[in-house]
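J.: Here is what each chain is made of, one letter per residue.
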Amino acid sequence: GQQVMQIPQYQHVQEGEDFTTYCNSSTTLSNIQWYKQRPGGHPVFLIQLVKSGEVKKQKRLTFQFGEAKKNSSLHITATQTTDVGTYFCAVYNAGNNRKLIWGLGTSLAVNP
Amino acid sequence: NAGVTQTPKFQVLKTGQSMTLQCAQDMNHEYMSWYRQDPGMGLRLIHYSVGAGITDQGEVPNGYNVSRSTTEDFPLRLLSAAPSQTSVYFCASSPPGGGPQYFGPGTRLTVT
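If you're matching them up, the sequences are chains L and V in order. The opening position of the first sequence corresponds to residue 1 in our numbering, with each subsequent residue numbered one higher. The opening position of the second sequence corresponds to residue 1 in our numbering, with each subsequent residue numbered one higher.
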């Protein structure tokens, strides 16, 4: 079945450093979503990318969708302790928009 | 709007007991899903529904039943609890057509 691979699994940074997580698929994606889950919390939707080569920004977060629509990245500039959590990518099952397929997530730890 | 609500927040069961995890949403979303989250395993889909009276299995349905008699409610039933069902359970809802999913706060279940 369709899968999305997310790397790295863990990332530990000093506050102020940048952070990037990547999501890769072997098949062309119709769209991709990104979520953030704080420790002890629930996943919260961040953004959806639809177009080839799309780049969207939310303050210090930059989201990109690859030209071939097979990969995506989330980049955080100058991390803060409030960025701590697990970042997931998710894509809808090919052929329907009923089931989300989730990456395993990247857990970000930030040293103050 | 309360969004997606889940009860209870915490539950301890003995092996063999049954229980129902409640989920309700007030956003008039057609789609609802149940996930379980275990360390290192990401979010795994248990069952989902695309409307009242319509349910389908996800990737880990064994040991769980669902029904969807109304748009608002989507309860998850554990028929005979097993220690392997110790997990955090999340309910989510979304509008049709591949939009973002909105999550409840989760139920932390321990089966002894």
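Hints in this document: simulated from the structure, not taken from any laboratory. Virtual Cβ for every residue (Gly too), placed ideally from N, Cα, C. Be careful, since some hints might not be right.
[Stated by the list, open to error] Partial selection, computed: residues in chain L whose CB lies under 7 Å from chain V:
1) Tyr10
2) Tyr22
3) Pro43
4) Val84
5) Asn93
6) Arg98
7) Trp102
8) Gly105
[Claimed, not checked] Here chain L is said to cover these stretches of chain V; the calculated rule only asks that three of the stretch's residues, wherever they fall, bring their Cβ under 8 Å from a Cβ of chain L:
9) 8–14
10) 72–81
11) 93–105
J.: Would you mind marking each hint as holding or not holding in the structure?
T.: Right, here's what the structure says about each hint:
1. Annotation: Tyr10(L) was flagged as interfacial toward chain V, and the flag is violated, the nearest CB pair being 10 Å apart, outside 7 Å.
2. Look at Tyr22(L): its Cβ only gets to about 15 Å from chain V, farther than 7 Å, so that hint breaks.
3. At its closest, the beta carbon of Pro43(L) sits 5 Å from a beta carbon of chain V; the interface hint therefore holds under the 7 Å criterion.
4. The criterion of a C-beta within 7 Å of any C-beta in chain V is not met by Val84(L), whose closest approach is roughly 17 Å, and the hint is violated.
5. For Asn93(L), the suggested interface contact is broken, since its CB lies about 10 Å from the closest CB of chain V, more than 7 Å.
6. Evaluation of the Arg98(L) hint against chain V yields a held restraint, the C-beta minimum of about 6 Å falling below 7 Å.
7. The criterion of a C-beta within 7 Å of any C-beta in chain V is met by Trp102(L), whose closest approach is roughly 5 Å, and the hint holds.
8. For Gly105(L), the shortest C-beta to C-beta distance to chain V is roughly 6 Å, which falls under 7 Å, so the interface hint holds.
9. Given a C-beta distance limit of less than 8 Å, the hint that chain L covers the segment 8–14 of chain V is violated, as 0 residues qualify and 3 are needed.
10. Residues of the segment 72–81 of chain V with a Cβ under 8 Å from some Cβ of chain L number 0, which does not satisfy the need for three, so the listed coverage is violated.
11. For the segment 93–105 of chain V, the assignment as covered by chain L holds, since 10 residues bring a beta-carbon within under 8 Å of that chain's beta-carbons and 3 suffice.
In this structure, the earlier hints numbered 1, 2, 4, 5, 9 and 10 are contradicted, and the remaining ones agree with it.
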